Amino acid sequence: MPHRPHVPPPPAPPFDARAARRLRAALGMAPEHVAYGMRASFGMPYVSPDLVISWEHGDVAPTSSELLALAGVLWCAPGDLVGAPRTLREHRVARGLAPEDVAHAVGLGLSAYVRMEEAGEWSGTDRQSAVLAEVLELSLPDFVALTGREARLAELLRGAVTTRWQGYVRQVAKVVPLHRRVIEEALAELHASYQGELVPRPVAGGFRGVAATASGDAGREFLARVVEVFWETVGRGFAERGD
1301 MPHRPHVPPP PAPPFDARAA RRLRAALGMA PEHVAYGMRA SFGMPYVSPD
1351 LVISWEHGDV APTSSELLAL AGVLWCAPGD LVGAPRTLRE HRVARGLAPE
1401 DVAHAVGLGL SAYVRMEEAG EWSGTDRQSA VLAEVLELSL PDFVALTGRE
1451 ARLAELLRGA VTTRWQGYVR QVAKVVPLHR RVIEEALAEL HASYQGELVP
1501 RPVAGGFRGV AATASGDAGR EFLARVVEVF WETVGRGFAE RGD
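First residue of the sequence shown: 1301, per this note's numbering; consecutive thereafter.
Just so you know, these hints were derived from the structure itself, not from any lab. Any given hint could turn out to be false.
Pair ranges (Cβ atoms, derived) [claimed, not checked]:
| id | residue 1 | residue 2 | range |
| --- | --- | --- | --- |
| 1 | SER1423 | GLN1471 | 45 to 51 Å |
| 2 | ALA1325 | LEU1440 | 20 to 26 Å |
| 3 | ALA1419 | GLU1528 | 20 to 26 Å |
| 4 | GLY1396 | ALA1430 | 17 to 23 Å |
| 5 | SER1411 | ALA1488 | 33 to 39 Å |
| 6 | GLY1459 | ARG1386 | 22 to 28 Å |
| 7 | ALA1419 | LEU1523 | 27 to 33 Å |
| 8 | ARG1339 | GLY1535 | 25 to 31 Å |
| 9 | ARG1470 | LEU1440 | 43 to 49 Å |
Nothing here was measured: the structure is a model prediction, and the numbers come from that model. All C-beta atoms in this analysis are idealised placements derived from N, C-alpha and C, irrespective of residue type, glycine included.
All chains, please: the whole structure from these sequences, using the hints.
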């Protein structure tokens, strides 16, 4: 009989142990009740109160199927038990969708979609990407990250804040589906903030070298967080305009 290679299970979703404890307590349930519900209603005879407690303490995380069953017992959406999703698979699990549901919605064969999940690389068309964003209810930052555009965005933003930001508006617009005016305002603010970080600030004792080093460190930190700062700036602009 040929030896079958060991296939590791898929990584567990980012389980929120504290949310599981909180939801169980709100329902007045004990771990024994949760375990019984998963055994009786979801055909998981191995689930014990000790396993439920291990999940809630963060010692182990439930698999995708266990998470869906746990959500059913706790009368909540799977997303209520998941931390901030990071990957395509985690976003799907958070929405309680099966791979075939997403594959069908975006117009891909199941095997092709599963390969993208396993590789962690989305390579659908623009139309498929738009449908994916709708099906998984992705925020714009999540959409950019999942479609593999975040690295390019970071590169453009670093160029915009260190040189003339006006020359990067069109390129950023190709990566991020935002109105040109929104991008212009965000890049102008980022550029001003970064250039302000480079100005040496007075420090105790008046040592210029220390001040220059401090400003250089602040500038490098800004560049490392430039994508995060961009989204914060865009969000703040929307809030101020009431969009």
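How the hints compare with the structure:
1. SER1423 / GLN1471: 45 to 51 Å: 21 Å, violated
2. ALA1325 / LEU1440: 20 to 26 Å: Violated - the Cβ-Cβ distance for ALA1325 and LEU1440, about 35 Å, lies outside 20 to 26 Å.
3. ALA1419 / GLU1528: 20 to 26 Å: 25 Å, holds
4. GLY1396 / ALA1430: 17 to 23 Å: Cβ of GLY1396 to Cβ of ALA1430: about 21 Å, so the range 17 to 23 Å holds.
5. SER1411 / ALA1488: 33 to 39 Å: 46 Å, violated
6. GLY1459 / ARG1386: 22 to 28 Å: 26 Å Cβ-Cβ, so the 22 to 28 Å window holds.
7. ALA1419 / LEU1523: 27 to 33 Å: 28 Å, holds
8. ARG1339 / GLY1535: 25 to 31 Å: Cβ of ARG1339 to Cβ of GLY1535: about 44 Å, so the range 25 to 31 Å is violated.
9. ARG1470 / LEU1440: 43 to 49 Å: With Cβ atoms ~18 Å apart, the hint is violated.
Of the numbered hints stated above, those contradicted by the structure are hints 1, 2, 5, 8, 9, listed in ascending order.
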